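Trainee: Given next are the chains, with one letter for each unit.
6 protein chains.
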Amino acid sequence: MEPVTILLAEDEGLLLTEFEQALTDAGFGVVAVTSGIKAIKHLNAAEPCMHGVVTDIRFREPPDGWDVARVAREIDPETAVVYISGDSAPDWASKGVPNSIMLEKPFAMAQLVTAISQLLNDRSPPS
Amino acid sequence: MEPVTILLAEDEGLLLTEFEQALTDAGFGVVAVTSGIKAIKHLNAAEPCMHGVVTDIRFREPPDGWDVARVAREIDPETAVVYISGDSAPDWASKGVPNSIMLEKPFAMAQLVTAISQLLNDRSPPS
Amino acid sequence: MEPVTILLAEDEGLLLTEFEQALTDAGFGVVAVTSGIKAIKHLNAAEPCMHGVVTDIRFREPPDGWDVARVAREIDPETAVVYISGDSAPDWASKGVPNSIMLEKPFAMAQLVTAISQLLNDRSPPS
Amino acid sequence: MEPVTILLAEDEGLLLTEFEQALTDAGFGVVAVTSGIKAIKHLNAAEPCMHGVVTDIRFREPPDGWDVARVAREIDPETAVVYISGDSAPDWASKGVPNSIMLEKPFAMAQLVTAISQLLNDRSPPS
Amino acid sequence: MEPVTILLAEDEGLLLTEFEQALTDAGFGVVAVTSGIKAIKHLNAAEPCMHGVVTDIRFREPPDGWDVARVAREIDPETAVVYISGDSAPDWASKGVPNSIMLEKPFAMAQLVTAISQLLNDRSPPS
Amino acid sequence: MEPVTILLAEDEGLLLTEFEQALTDAGFGVVAVTSGIKAIKHLNAAEPCMHGVVTDIRFREPPDGWDVARVAREIDPETAVVYISGDSAPDWASKGVPNSIMLEKPFAMAQLVTAISQLLNDRSPPS
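Chains as they are written, first to last, in full-length UniProt numbering: chain F, 1 to 127; chain X, 1 to 127; chain A, 1 to 127; chain L, 1 to 127; chain C, 1 to 127; chain Z, 1 to 127.
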């Protein structure tokens with residue numbers, strides 16, 4: 001099988017590496033970027049579109065992770081979305097997209113893998 | 001018991017009346033408004049804050065229903081949100097808030113009452 | 001709004017009347033039939049297709065309710081399905097369709113209305 | 001069909017009447033009692049056992065509503081349980097039983113009916 | 001502890017090996033077969049019965065994966081069922097069993113492990 | 001990131017080691033104890049409080065695992081709770097806490113990791 005591709009956007013290098021490793025070990029193909037701008041550029045260029053997005057909320061400059069997820073869902077309403085944040089979790093109720101998961105730091109790598117897997121598994125088959 | 005109060009925003013008069021009647025019969029207190037502007041004005045003024053919001057998406061002028069829900073959730077992250085729409089349902093995946101329900105027209109009044117009841121019942125008790 | 005239409009198949013006259021009344025009071029449009037044959041005939045002829053199916057399992061002759069639900073889902077994979085049964089509930093795990101609800105007799109009319117409403121509300125918006 | 005029977009335990013007379021009316025209108029058979037002692041007496045005597053329990057938390061004397069629910073589940077692990085409370089909701093996480101719903105006052109009658117219906121509908125069919 | 005046993009039916013050798021490895025690494029005992037016939041033979045002979053089934057839909061000859069799952073559920077209504085398919089996913093709504101998961105290719109191995117784990121964890125304890 | 005910490009209480013040494021290894025490999029920090037007494041001592045002393053509890057039901061002396069979970073939820077109502085048991089599973093419906101998972105032996109290590117991850121991911125973000 002070709003890989004299921006996840007776009008991973010995180011601007012802290014150590015975390016980016018740790019998350020990428022966990023997702024790769026779990027069998028996902030990962031496109032790792034370090035800003036919201038690059039994330040949106042990749043989403044717009046990806047062919048076929050990404051199956052899921054794992055995104056930090058705050059980057060050094062806009063767009064933020066809330067924007068990244070909205071763009072991903074405009075391109076494909078079925079995209080699995082996992083937000084990662086240390087202090088933006090309370091905004092999830094007003095700024096998040098439906099059927100997404102907010103992982104607050106700290107979390108274990110198994111939580112990240114379970115979150116994205118569960119969201120992908122819950123997508124309704126095409127009709 | 002004092003009533004549970006729902007803000008209902010719908011600009012078509014006949015529908016507004018039908019929805020208000022259904023919610024009132026179900027035991028809810030209803031504040032009915034006919035535009036997004038009035039909805040947001042009420043949300044900001046309500047004391048205590050509204051328990052839920054039932055909102056159409058498109059009004060004659062901005063803000064739209066997506067904005068209404070975001071404001072409601074900024075004020076109270078636990079607000080129950082039900083969107084009503086004829087043709088904006090596909091945007092729910094990118095513009096809706098988490099743990100909300102999109103009711104596409106047509107729907108039966110029981111679906112509206114069940115939707116808002118279920119969302120209110122699912123809110124986690126305060127800790 | 002035009003009504004949301006539910007196909008109701010039940011061969012006991014008293015129950016058929018009671019269920020039809022409960023669904024109508026809840027705001028649904030109901031097409032009531034007394035056999036699996038008539039149910040499938042209606043499903044094939046309905047234009048637009050039915051939004052939901054409430055079906056007894058056993059009729060005096062085949063097809064049974066399991067067949068009715070399968071045909072409904074072949075026509076529209078999003079159809080809400082509620083099975084009603086006195087003694088066929090254990091077969092639900094092997095003969096039912098996914099995302100359906102089995103109501104075992106006895107049940108209250110509110111359970112029927114909640115079941116069909118919840119299934120309709122959970123259908124993912126079109127993308 | 002014979003009725004689905006719900007045990008309702010609430011010591012404020014006006015609320016007891018209001019809840020009993022809502023459940024009866026929804027098609028349930030209701031056994032209404034005004035204390036935890038009477039609730040447990042009824043649970044132990046009921047033949048066949050009650051399908052669901054709607055109970056206040058605090059009564060004038062012990063046992064409390066947490067006890068009532070535990071006894072109901074010891075008799076029938078599938079019993080639907082809805083707790084009603086003004087100020088005991090925070091204890092639900094440590095004192096409630098699994099797969100139960102806590103309704104905090106105030107709530108609309110539709111929330112009570114939806115809660116008990118949803119719990120009854122979610123019970124797995126017997127195997 | 002003795003292992004939890006999963007029946008895995010897949011007729012492409014490379015995929016069979018990959019799935020078997022992923023499930024074994026996750027701690028499951030796996031019985032791997034290459035056809036629907038062999039799958040059903042194993043289900044009928046297994047003592048005690050299999051805890052879960054992971055099955056491809058199409059095999060070189062009947063029975064297909066829909067049949068395999070139905071037989072598994074007739075033997076044990078609590079069996080966890082995961083379907084795997086490239087192009088049969090749209091039929092899940094009419095041919096699948098309730099409380100099952102359809103994994104469409106491509107998927108990551110973590111999705112397979114999460115799917116079967118989640119289904120096993122959701123089974124209600126015996127009463 | 002600092003680790004997410006799970007309290008693991010199990011009195012059989014081989015199982016304790018196996019569970020600890022699985023949770024550690026999944027990225028969790030684990031505090032392993034061999035009795036209910038020690039578990040409750042750790043819960044009361046932990047600063048900050050434990051994110052989750054994985055507990056056997058029966059220990060050589062009281063308190064049992066039901067008590068451990070109740071204490072954990074009194075300290076933090078959001079604590080993720082997974083019970084492990086060979087023969088106490090039927091009591092979960094009356095003695096368990098809400099939003100907990102009962103894992104009956106035998107189970108695969110992936111089920112344990114998925115259970116605790118899913119419960120942690122489902123906790124509502126703070127508001």
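Take the hints with a grain of salt, since some may be wrong.
Claimed, not checked - No farther apart than 30 Å at their CA atoms in a straight line, the calculated lysine-lysine pairs in the DSS-like style are these:
no., chain 1, residue 1, chain 2, residue 2
1, F, K105, F, K41
2, A, K41, A, K105
3, L, K41, L, K105
4, X, K105, X, K38
5, L, K38, L, K105
6, C, K105, C, K41
7, L, K105, X, K41
8, L, K38, X, K38
9, L, K41, A, K105
10, A, K38, A, K105
11, F, K41, C, K105
12, F, K105, F, K38
13, Z, K105, Z, K38
14, F, K41, Z, K105
15, C, K38, Z, K38
16, C, K105, C, K38
17, Z, K105, Z, K41
18, X, K105, X, K41
19, A, K38, X, K38
20, C, K38, F, K38
21, Z, K41, F, K105
22, C, K41, Z, K105
23, A, K105, L, K38
24, A, K41, X, K105
In short, the hints are calculated from the structure, not lab data. In this text the structure is predicted, and so the values were computed from the model without any measurement.
Trainee: Next, verify each hint and record whether it holds.
Mentor: For each hint, the structure was consulted:
Annotation: proposed proximity of F:K105 to F:K41 holds, straight-line Cα distance about 26 Å (limit 30 Å). Note on A:K41 and A:K105: the hinted pairing holds, with a Cα-Cα distance of about 26 Å set against a maximum of 30 Å. With a CA separation close to 26 Å, the supplied pair L:K41 and L:K105 stays within the 30 Å bound. A threshold of 30 Å between alpha carbons decides the hint, and for X:K105 with X:K38 the separation of about 23 Å falls inside it, so the pair holds.
A C-alpha spacing of about 23 Å is found between L:K38 and L:K105, which places the hinted pair at or below 30 Å, so the restraint holds. Using a Cα cut-off of 30 Å, the hinted pair C:K105 and C:K41 holds, with the two alpha carbons roughly 26 Å apart. At most 30 Å may separate the alpha-carbon atoms for a hinted pair to count; L:K105 and X:K41 meet this at roughly 26 Å. A C-alpha spacing of about 50 Å is found between L:K38 and X:K38, which places the hinted pair above 30 Å, so the restraint is violated.
A hinted pair counts as satisfied when its Cα atoms are at most 30 Å apart, and L:K41 with A:K105 qualifies at roughly 26 Å. With a C-alpha separation of about 23 Å, the suggested pair A:K38 and A:K105 falls inside the 30 Å cut-off, and the hint holds. Distance hint between F:K41 and C:K105 is fulfilled; the C-alpha atoms sit about 26 Å from each other, no more than 30 Å. Pair hint F:K105 plus F:K38 holds up; C-alpha atoms about 23 Å apart against a cutoff of 30 Å.
Note on Z:K105 and Z:K38: the hinted pairing holds, with a Cα-Cα distance of about 23 Å set against a maximum of 30 Å. A C-alpha spacing of about 48 Å is found between F:K41 and Z:K105, which places the hinted pair above 30 Å, so the restraint is violated. Between C:K38 and Z:K38 the CA atoms are separated by roughly 50 Å; this puts the pair beyond 30 Å, and the hint is violated. The hinted pair formed by C:K105 and C:K38 meets the criterion: a straight-line CA distance of about 23 Å does not exceed 30 Å.
Taken as a hint, the Z:K105 and Z:K41 pair is honoured in the structure, with Cα atoms around 26 Å apart against an allowance of 30 Å. About 26 Å separates the Cα atoms of X:K105 and X:K41, which keeps this hinted pair within 30 Å; it holds. This hinted pair does not check out: A:K38 and X:K38 have alpha carbons roughly 50 Å apart, beyond 30 Å. Annotation: proposed proximity of C:K38 to F:K38 is violated, straight-line Cα distance about 50 Å (limit 30 Å).
At most 30 Å may separate the alpha-carbon atoms for a hinted pair to count; Z:K41 and F:K105 meet this at roughly 26 Å. This hinted pair checks out: C:K41 and Z:K105 have alpha carbons roughly 26 Å apart, not beyond 30 Å. At most 30 Å may separate the alpha-carbon atoms for a hinted pair to count; A:K105 and L:K38 meet this at roughly 28 Å. Restraint check: the Cα-Cα separation between A:K41 and X:K105 comes to about 26 Å, which is no more than 30 Å; the hinted pair holds.
Going through the hint list in order, the structure does not satisfy hints 8, 14, 15, 19, 20.
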